[in-house]
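Engineer: All chains, full assembly: derive it from the sequences and hints.
Counting in my numbering, the sequence shown runs from 1 upward without gaps.
Be careful, since some hints might not be right.
No more than 30 Å apart at the CA atoms, straight line, and that leaves these computed lysine-lysine pairs for DSBU-like [unchecked claim]:
1) Lys48 - Lys9
2) Lys9 - Lys64
3) Lys64 - Lys108
4) Lys48 - Lys64
Hints were generated in silico from the structure; no laboratory data involved.
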Amino acid sequence: MKNFKPWKKYPLIAGELAEVDTLIQHTIQTPHQSLQAALLTMADNGGKYLRLSLLLLAAHVVGKVNQQTINLASSIEILHMATLIHDDTIDDSDLRRGNISIQAEFGKDVAVYAGDLLFTNFFDLMLDTNYGT
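Structural biologist: Shown next, in the form of structure tokens:
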């Protein structure tokens, strides 16, 4: 699904990247077909997973790779996707990562709702994670 090519040289995090991808796919599920199509399009749009890959590598350095790490990495990517959708909508951009943007393909209303839903998914995932407090 996702383009992990930049991280093929780091097999240390390959398993975690797959776990993150699975959690993102699970987290962004919605019964609304147009929103679901927009969210899956964004998730499949070939992101580099830079932020979450750096988090996973840092977690390996300190020996703290666990479900909390996977949740945090997933939430970071979901937040990033939300901001990209809203940015493209505000800028009226037709392209994102060389592909048609969510707002250009599905319309501004669906794009705003998709971005808002991703913000909600981000907060839900963060709240569902026990950080030892």
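Engineer: Each hint: holds or not?
Structural biologist: Comparing the hints with the structure gives:
no. : hint           : result
1   : Lys48 - Lys9   : holds (13 Å)
2   : Lys9 - Lys64   : holds (21 Å)
3   : Lys64 - Lys108 : violated (40 Å)
4   : Lys48 - Lys64  : holds (23 Å)
Consistency with the previously given hints fails for number 3 only.
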